[in-house]
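Colleague: Add chain B to chain A, keeping to what the hints say.
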Amino acid sequence: MEQQTFYYDNKIVRMFGGATILWGLVGVLVGLLIALQLVFPSLSFNFSMTTFGRLRPIHTNAIVFAFVGNSIFTAVYYSMQRLLKTRMYSDLLGRIHFWGWQLIIVLAAFSLALGYTTSKEYAELEWPIDILITLVWVVFGWNMLGTIAIRRVRHIYVAIWFYISTFVTIAVLHVVNSLELPFSLFKSYSVYAGVQDGLVQWWYGHNAVAFFLTTPMLGLMYYFLPKAANRPVYSYKLSIVHFWALIFLYIWAGPHHLLYQALPGWAQSMGVVFSVMLLMPSWGGMVNGLLTLRGAWDRVRDTAVLKFFVVGVTAYGMSTFEGPMLSLKSVNAISHFTDWTIAHVHIGGMGWNGFMTFGMIYWLWPRLFNTKLKSEGLANAHFWVGTLGMILYAVPLYWAAITQALMWKEFTPEGFLAYPNFMETVTQILPMYYLRALGGALYLIGFLMFVYNVIATAKSGKLIAEEEASAPALEKVSSKRQPGESAHRWVERRWVPFAIFAFVAIAIGSVIEIIPGLMINANVPSISSVKPYTPLELTGRDIYIREGCYTCHSQQVRPFRSETERYGEYSKAGEFVYDHPYLWGSRRAGPDLAREGVKGGKMYKSNSWHYNHFLRPQDVNPESIMPAYPWLISDAIDMDIIPAKIRAMKTLGVPYAEGYDQLAVADLKKQADEIALDLKNNNINVAADREIIAMIAYMQRLGADISKSETVSK
Amino acid sequence: MAKEQQYDQETQHSKLMIDHDYDGIKELDNPPPPWLMMIFYGTIIWSVFYVFYYNIFDGPSQEDEYNTELAEAKASVPQSTFDETKITLLADAAVLSEGEKMYASKACDACHGVTNIGPNLTDEFWIHGNNIANVFKVIKYGIPEKGMTPFKDQMTDEQIQQLSSYVISKMKGMATANTKGPQGDKYE
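Going line by line, the protein sequences match chains A and B. Going by the working numbering, the first sequence wraps up at 747, each residue one higher than the last. Going by the working numbering, the second sequence wraps up at 196, each residue one higher than the last.
Read the hints as simulated data drawn from the structure, not as lab findings. Some hints could be false.
What the hints assert, rightly or not - Simulated crosslink set (EDC-like; lysine to aspartate or glutamate; CA at most 20 Å straight-line): (1) B:K109 / A:E656; (2) A:K442 / B:D72; (3) A:K509 / B:D29; (4) A:K442 / B:E71; (5) B:K188 / A:D711; (6) A:K683 / A:D694; (7) A:K513 / B:E73; (8) A:K44 / A:E501; (9) B:K160 / A:E443; (10) A:K605 / B:E153; (11) B:K160 / A:D738; (12) A:K605 / B:E71; (13) A:K632 / B:E153; (14) B:K145 / B:E92; (15) B:K154 / A:D706; (16) B:K154 / A:D711; (17) B:K114 / A:E457; (18) B:K23 / A:D694; (19) A:K713 / B:E153; (20) B:K114 / A:D706; (21) A:K270 / B:D29; (22) A:K442 / B:D27; (23) A:K442 / B:E73; (24) B:K154 / A:D738; (25) B:K160 / B:D91; (26) B:K82 / A:E447; (27) A:K362 / B:E73; (28) A:K632 / B:D161; (29) A:K509 / B:E92.
Next comes chain A alone, as it looks inside the complex (with noise of 0.2 Å):
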């Protein structure tokens, strides 16, 4: 057979690695921030860019696409080319894919800094940027499926099924979950509503974990961690069971995100039992890690790269066991809504993400710049501090979640909530807030460390941009299935089918989840109390979803004596019928806001009272750890686009009158009149055309259509 001789793109692998740097260091200072923001709400500076529920977006996004992301492509960039050696398909598709990445990133950035979000969680990006995304992501598979389709080695090896499943799951996710009318240049709404928003996103979601945190990192260590080893990968079966069931399972798991929620049980059992079978398939992936350092145990004292190897494998252990007990429903009721959650994907993102990256580009660095690394004490040291951050961020965390969940379940013997006043309850976990901003601290100090010496390490040597390669060519075979070949072994060999056969596999548990919840209105008992709201509300609503408020508020009353004593009537599915999006929330560092609006309700409260709350939330509640909102008082309602959202949400199928785009505003001006004289009687004079009178009435809404009254119709 012939030897070819070829080259290494290594240049390409070295941008995506610094990426992948820049944009961790970003995403890290971020957390930081707003873990302090939590402890010192001063620190959001009275400035709107700068709030908790603008940055917390900017965080997740940084961390995710942006630092994860990056990551993902240098592992990919670097090992595909060795795996079926050959130079990537097309150095032009490298180039746009890399810099179509990062201007997305800046825009992602900029854009959620200026409050245009989606407000789904880990899909917050608006229309124009998903439109890119797409784009960037074809390019991406284009070069990905190319490199392939030009190989020298007949069989694809575990980690590139990783891969190909990460492209066509994500393709597929995002195009669904972003489906969304535009009614601006930067702003949209979901196409769905509700309780059927909620289920794609959480699909979506839940998926966005699965497939951008999980399936290439488990790619990722499949090459590097038996490289780094140089030992075997330990069982080549498990590789294939653990791969398609994890593929398989994962894409029904999303619901578990919606337990106790207004969700159909059937939809939330599908939720929980997948969740339950995933444990396996995500410790295939920890146990084929481990088992691949037998014998090398005694290097993983000394080398840096296999330490945080042996850290992100156990911590995806223990992610991945935490994240089936957590999907149980009766541990789902006293977790979800509070920081366990938070702790929960900090040792996935710190642990497994983090610790993953490290050690690939402690490996990977020397080896591009043809050196040493510069400092392997450093690099321990690095491990070390980064180790203690991750632990000292979220022991405190469990503790916080654990504590709260339980002040906010606890009775008296009178029957009466033993903690009625919800701030009680943060109060007493603050301590456990600074902690955490401690080991984020830890962690970032390690972070540094650790650009230091990837900077020194390349200064000492030269990037090796074109790395010789040799193999021989690739003598073409029959496509049947021969005698002895194992039927795994065959499609390992056939892309395409090998990448139809990943498609099938998690179309099936989508399809089954997602189009009953669209299809099917008995999933969703109408209520006709339940009216669209007014265009003064829906600019609130808007304002609501700019300003990140759903980062703190949920607005989900489950079916717990604990939450219908403190926020009223459980939540329905019928009253969230239009709500594009649906603003259910996941975290509550606030009180829940479902029943904000309800008269005479346990949450009511004033015009005046959040006039007076918005401006200072401290004057109200001395210990209140919300930003204050001094801007919604000096901006004024934007009147030009009312009629355009109006016409939008008709489009989506909210029941608006024919015509009343044009009628709109004329309305919202005498809502919003009133609001202002009944603020003015109350001492307090603004004007009716502020944000704030469209905040107040959304608040004054939220939850209230129910209690008019109680006739539920199929």
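Modeller: Just chain B, lined up with the frame of chain A:
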């Protein structure tokens, strides 16, 4: 490296897969660990039972669970024997200091002192009357349309009586800079 090869020879199930070489990475022919597969089969069986119990054989729904929880709570909470039609103004110093503590713990000040959201409780003007029965009623049932929170779900009737007594007898003249001006009718 020799130590590692020796390790491979000494342990079972460590046959290399022939033909599997990906950039130098080799794979072993080990079966998946049996304990891991047992977990897998166990979770599948558990899942089948779970769905049958809750979704096919009509196990308790979350609404059923909620109703049960409410019924149990109702049975366990003692019924109040307080007669609010015969309520009296309390004057005992210990009782009034209890009332003062409750005024602080329920953060009444947030609306009636620190901010001017709620009416002034320190002058002679009362919107809803200033006898014990009126004040008791306002605190217990709230004034929903004006945003006064009902406290019936947070305090016993006895506690509300103590708080009402404190508000009526002890707060006169305690106005702060933010307290509202007079509203309602004058009561001597």
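Colleague: Work down the list of hints and note, for each, if the structure agrees.
Modeller: For each hint, the structure was consulted:
The suggested pairing of K109 (chain B) with E656 (chain A) holds, with an alpha-carbon distance near 18 Å, which does not exceed 20 Å. In summary, the hint linking K442 (chain A) to D72 (chain B) is supported, as the alpha carbons are separated by about 19 Å, within the 20 Å threshold. Of the supplied pair hints, the one linking K509 (chain A) and D29 (chain B) holds, its CA atoms being roughly 19 Å apart against a limit of 20 Å. Between the alpha carbons of K442 (chain A) and E71 (chain B) the distance comes to roughly 18 Å, so the proposed pair stays at or under 20 Å and holds.
A C-alpha spacing of about 16 Å is found between K188 (chain B) and D711 (chain A), which places the hinted pair at or below 20 Å, so the restraint holds. As the CA atoms of K683 (chain A) and D694 (chain A) are separated by approximately 9 Å, the hinted pair is consistent with the 20 Å bound. In summary, the hint linking K513 (chain A) to E73 (chain B) is not supported, as the alpha carbons are separated by about 57 Å, beyond the 20 Å threshold. Restraint check: the Cα-Cα separation between K44 (chain A) and E501 (chain A) comes to about 13 Å, which is no more than 20 Å; the hinted pair holds.
A C-alpha spacing of about 17 Å is found between K160 (chain B) and E443 (chain A), which places the hinted pair at or below 20 Å, so the restraint holds. Straight-line distance between C-alpha atoms of K605 (chain A) and E153 (chain B) comes to about 25 Å, which puts the hinted pair past the 20 Å bound. Annotation: proposed proximity of K160 (chain B) to D738 (chain A) is violated, straight-line Cα distance about 23 Å (limit 20 Å). Among the hinted pairs, K605 (chain A) with E71 (chain B) is consistent with the structure: their alpha-carbon atoms are about 11 Å apart, no more than 20 Å.
A C-alpha spacing of about 6 Å is found between K632 (chain A) and E153 (chain B), which places the hinted pair at or below 20 Å, so the restraint holds. The suggested pairing of K145 (chain B) with E92 (chain B) holds, with an alpha-carbon distance near 9 Å, which does not exceed 20 Å. With a CA separation close to 17 Å, the supplied pair K154 (chain B) and D706 (chain A) stays within the 20 Å bound. At most 20 Å may separate the alpha-carbon atoms for a hinted pair to count; K154 (chain B) and D711 (chain A) meet this at roughly 10 Å.
Restraint check for K114 (chain B) and E457 (chain A): satisfied, since their Cα atoms lie roughly 11 Å apart, inside the 20 Å limit. Pair hint K23 (chain B) plus D694 (chain A) does not hold up; C-alpha atoms about 73 Å apart against a cutoff of 20 Å. With a C-alpha separation of about 16 Å, the suggested pair K713 (chain A) and E153 (chain B) falls inside the 20 Å cut-off, and the hint holds. At roughly 33 Å between alpha-carbon atoms, K114 (chain B) and D706 (chain A) are farther apart than 20 Å, so this suggested pair is violated.
Straight-line distance between C-alpha atoms of K270 (chain A) and D29 (chain B) comes to about 15 Å, which keeps the hinted pair within the 20 Å bound. Between K442 (chain A) and D27 (chain B) the CA atoms are separated by roughly 60 Å; this puts the pair beyond 20 Å, and the hint is violated. Among the hinted pairs, K442 (chain A) with E73 (chain B) is consistent with the structure: their alpha-carbon atoms are about 16 Å apart, no more than 20 Å. For the hint pairing K154 (chain B) with D738 (chain A), the CA-to-CA distance comes to about 19 Å; that is within 20 Å, so the pair holds.
For the hint linking K160 (chain B) to D91 (chain B), the alpha-carbon distance of about 14 Å falls within 20 Å, and the restraint holds. As the CA atoms of K82 (chain B) and E447 (chain A) are separated by approximately 10 Å, the hinted pair is consistent with the 20 Å bound. Distance restraint check for K362 (chain A) and E73 (chain B): the Cα-Cα separation of roughly 12 Å lies within the 20 Å cut-off, and the hinted pair is therefore satisfied. As the CA atoms of K632 (chain A) and D161 (chain B) are separated by approximately 16 Å, the hinted pair is consistent with the 20 Å bound.
Pair hint K509 (chain A) plus E92 (chain B) does not hold up; C-alpha atoms about 94 Å apart against a cutoff of 20 Å.
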